[in-house]
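Each chain, letter by letter, is given below.
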Amino acid sequence: MTTMDRKGFLQQLTLLGGCTLMAPTVLLQSCRVEPRIWSNLSAKDIALLDELGETILPKTDGQPGAKEMEIGKYVVEVVTACLSPEDRDTFLYGLTSIDANSIADFGRPFEDLDEEDRYGILKALQDEAVAFNEKQQGKLEPEIHYFSLLKELVVTGYFTSKTVMTEVFDYHPVPGKYEGCVDFDVAKDKPYKG
Amino acid sequence: MKYSSLKVNAKGKEQHTYDAIVIGSGISGGWAAKELCEKGLKTLVLERGRMVEHRKDYPTATKHIWELPYRNRLTHEQIRENPILSRCYAYEQATEHFFVKDKEHPYIQKKPFDWIRGYQVGGKSLLWARWTQRWSDLDFEANAKEGVAIDWPIRYRDIAPWYSYVERFAGISGNRDGLPQIPDGEFLPPMEMNCAEVYFKDQLKTHYTDRHLVISRTANLTRPHLGRGPCQHRDLCYRGCPFGGYFSSNSATLPAAEKTGNLTIRPFSVVHSIIYDEHTQKAKGVRVIDTNTKETTEFFSKIVFLNAATLNSTLVLMNSKSSRFPNGLGNDSGELGHNLMDHNYNARVEATLEGFEDKSPFGKRPTGTYLPRFRNFGQDRQSNFSRGYAYSVGGSRRPGSEQGEAMIGTELKKDLTNLGPWKIEMTGMGECLPYHENKVSLSETEKDDWDMPLLEIDAEYKTNELNMQKDMVDSAIEMLQKANLKDIEEIPMNRNFGLNIHEMGTARMGKDPKTSVLNPYNQVWGCKNVFVTDGSCMTSSACQNPSLTYMAITARAADHAIKELKKQNL
Ligand SMILES: Cc1cc2nc3c(=O)[nH]c(=O)nc-3n(C[C@H](O)[C@H](O)[C@H](O)COP(=O)(O)OP(=O)(O)OC[C@H]3O[C@@H](n4cnc5c(N)ncnc54)[C@H](O)[C@@H]3O)c2cc1C
Ligand code: SF4
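Chains as they are written, first to last, in this note's numbering: chain L, 1 to 194; chain Y, 195 to 764.
Certain hints may be false.
[As the list claims (entries may be wrong)] The calculated DSS-like cross-link candidates involving lysine-lysine, where the alpha carbons are at most 25 Å apart (straight line), are:
no., chain 1, residue 1, chain 2, residue 2
1, Y, LYS608, L, LYS73
2, L, LYS188, L, LYS177
3, Y, LYS478, Y, LYS722
4, L, LYS177, Y, LYS339
5, L, LYS190, Y, LYS633
6, Y, LYS705, Y, LYS633
7, L, LYS188, Y, LYS617
8, L, LYS190, Y, LYS558
9, Y, LYS395, L, LYS188
10, Y, LYS496, L, LYS123
11, Y, LYS608, Y, LYS558
12, Y, LYS395, L, LYS190
13, Y, LYS705, L, LYS177
14, L, LYS162, L, LYS139
15, Y, LYS339, Y, LYS705
16, L, LYS188, Y, LYS608
17, Y, LYS257, L, LYS162
18, L, LYS193, Y, LYS558
19, Y, LYS395, L, LYS177
20, L, LYS193, L, LYS73
21, L, LYS123, L, LYS59
22, Y, LYS680, Y, LYS553
[As the list claims (entries may be wrong)] Sample of chain L residues with no beta-carbon within 12 Å of chain Y, all distances over it, derived:
no., residue
23, ARG36
24, ASP45
25, ALA47
26, LEU92
27, ARG108
28, PRO109
29, ASP185
Since the hints were derived computationally from the structure, they do not count as laboratory data.
The C-beta atom is built at its ideal place from N, Cα and C for all residues, glycine as well.
Using the sequences and the accompanying hints, generate a full structural model.
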């Protein structure tokens, strides 16, 4: 995370990393809006996760966005049940960072930003995650960047949801046959899913 | 032996007497049951797990992914509770009910060994990947030619008619490729190869004389077969198939056995040991522990087929002690428990194929392609390892590209809703030699809930396997390079011994009772009415998936048993 070059975020991160427990008071002093600190996920986080998801996979012409696929609900469930405690901590730290980041840079939490600023924050994190992951290559126990976790959850949840599988793809759960090479027109054909 | 703690119920001996007893209802036990029932023997199948009825007991078979818990993802709790099982690729929410959980059935690992099991009617036949290449004399002659371990007591000509026999019933799809290292069989129409695979096959033909890519022979029905199937190409077989589209005991052999009226299946029945009769020098029956009541019952029969899968069959033999066989039934040679083998799959390479952008696969093919052995075969000679390996090869084209890893927003969405490039992945499947030191034994101190000693497993890959592994990676890279694939990448693999789920050996067949446990017809030396016909009987491991060979060996042994019974030799 050291590649972060945006000053406000960096300051907040230092605060967070150094003193998570006493952070509320410290942060209260330094910010107008109180950043949140996550130690678990619950239904109250769905709205934020929906917006994060929508920024990663937005609604486009003819295709639903992640929010419509109830991505927030999915992420809460999977983070709670399926992630290892280490990954869950990384994920929660990530939410805390994103919130701090957003408040530092814009004075408002992520949910209240406009689309462009949301995209800006997550795109910067995406670039950071790419750089971070490159550094992990060849390491015996590679670490994962929280944004990669978030993105993986959003992508998996979105692409396993009913509407996306049945409407965005050519979904045939019982195809009846296998053909190795059918014609496929990128411009107009939907990819097969089973 | 102590049974004092267990109540022995010997009442109603007649009620408990059958012509034949089969221990285990998986791939090999299902075949034994079918053959013996069809030949008119009243047959009791003893199965330690629960009943799984074809179709009725496949609760997830037609579930969409969004209907499964966590969209089919394992929970952290499941992974934490099952470190061994969760290394098996087929363990997921949709299949979890067919797998043994780590804590339910512990064993002792002297060295890392992943023992993947399915304890239910049908055993692992519900869960297998159904790849079914025949073995050849390249395999059956190898030990003798190299002076390794002992010679197989059979050759391809002994088993070939039985391969045909089981293939005709099981229904094996495949192409007649004319390759001596994987002899052709009785095939249903082959499944199709896709663009990437056809391209790679042609490239191999251009650059080599000894590398052939073929569609894997697979126990999926490409046309209706004996009232089963056809396969609908959904690739969800591990959940059980509502169409009966693939071979399992539940869909095929057990219903055939049942149809004869001669079959009794008793689930929840752990066979504790085989009862040896010192006077007749034969087995008179088996001791069974009811998993629910823990009560012990004895069942009697003229012949016993032991098909509890490799390691459990050996455990039952080891646990069947008598004054004649103080070290386990049939263990005069001291070889019982030794020569444990698996395959070595620790070689994987992936690559990208440019082109064919206007083509896509349709449907989900429940198999892949197969590149049969070429090392130490024909003109090829390797100096730093003996035997050889095959590859499983898969061409695919799925939504999403590498570039997506750096994208978010509409750009990412576009990437993930369009097809990415064609890919090819190759996984080496290497033969393991039979080493005396790779072995299992009974714990002297620890027992399970059924009063059976825990199994201690002590096996590892050795120099031959590891040298071969390096060549599996290098040759895959070389072939993909010659075929002009891009982004060729080795995926490091570190699968423990056992995880390839082809555990074999530990009660090997041979010609000499001094060096083997079973005779050439799978009869226990010194106790001829006990037949062991699962993977424990294997004298070497070849590099092909082994279960078709277990089926053929079982059908052959059952035929022999019937003939011997008729001659009153048993
Ligand atoms: C994911 C996966 C993929 C596979 N892919 C392939 C493949 O592509 N090709 C291939 O050839 N093989 C494959 N295999 C291996 C194949 O499943 C086994 O080789 C095969 O099932 C072995 O048959 P079996 O009869 O020996 O044992 P099983 O099918 O395991 O059946 C043994 C039965 O005995 C019962 N049992 C055990 N102990 C006792 C006891 N003491 N008393 C009573 N009953 C007992 C068990 O509950 C079980 O039902 C695969 C396996 C898995 C799990
Ligand atoms: S792929 Fe075929 S055999 Fe497998 S579950 Fe689907 S229909 Fe059944």
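Here is how each hint holds up against the structure:
1. Y:LYS608 to L:LYS73: Satisfied, since the Cα-Cα distance of roughly 24 Å is no more than 25 Å.
2. L:LYS188 to L:LYS177: 22 Å, holds
3. Y:LYS478 to Y:LYS722: 11 Å, holds
4. L:LYS177 to Y:LYS339: 45 Å, violated
5. L:LYS190 to Y:LYS633: Answer violated: LYS190 (chain L) to LYS633 (chain Y) is near 53 Å, above 25 Å.
6. Y:LYS705 to Y:LYS633: Roughly 21 Å separates the two Cα atoms, so the pair holds.
7. L:LYS188 to Y:LYS617: Holds. LYS188 (chain L) to LYS617 (chain Y) sits at ~22 Å (cutoff 25 Å).
8. L:LYS190 to Y:LYS558: 16 Å, holds
9. Y:LYS395 to L:LYS188: It is violated: about 30 Å lies between the C-alpha atoms, which goes past 25 Å.
10. Y:LYS496 to L:LYS123: Distance of about 74 Å is beyond 25 Å: violated.
11. Y:LYS608 to Y:LYS558: Holds: LYS608 (chain Y) and LYS558 (chain Y) sit about 23 Å apart, inside 25 Å.
12. Y:LYS395 to L:LYS190: Not satisfied, since the Cα-Cα distance of roughly 28 Å exceeds 25 Å.
13. Y:LYS705 to L:LYS177: Violated, because 47 Å separates the two Cα atoms, which is more than 25 Å.
14. L:LYS162 to L:LYS139: Roughly 38 Å separates the two Cα atoms, so the pair is violated.
15. Y:LYS339 to Y:LYS705: With a Cα-Cα distance of about 16 Å, the restraint between LYS339 (chain Y) and LYS705 (chain Y) holds, given a limit of 25 Å.
16. L:LYS188 to Y:LYS608: 13 Å, holds
17. Y:LYS257 to L:LYS162: 12 Å, holds
18. L:LYS193 to Y:LYS558: Holds, at roughly 9 Å.
19. Y:LYS395 to L:LYS177: Given that 25 Å is the threshold and the Cα spacing comes to 22 Å, the pair holds.
20. L:LYS193 to L:LYS73: Distance ~24 Å between LYS193 (chain L) and LYS73 (chain L) Cα, so the pair holds.
21. L:LYS123 to L:LYS59: 17 Å, holds
22. Y:LYS680 to Y:LYS553: 18 Å, holds
23. ARG36: Holds: least Cβ distance 23 Å, greater than 12 Å.
24. ASP45: 17 Å, holds
25. ALA47: 19 Å, holds
26. LEU92: 14 Å, holds
27. ARG108: 20 Å, holds
28. PRO109: Given that every Cβ of chain Y is farther than 12 Å from that of PRO109 (chain L), nearest at about 19 Å, it holds.
29. ASP185: At roughly 7 Å from the nearest Cβ of chain Y, ASP185 (chain L) sits no farther out than 12 Å, so the non-interface label is violated.
Going through the hint list in order, the structure does not satisfy hints 4, 5, 9, 10, 12, 13, 14 and 29.
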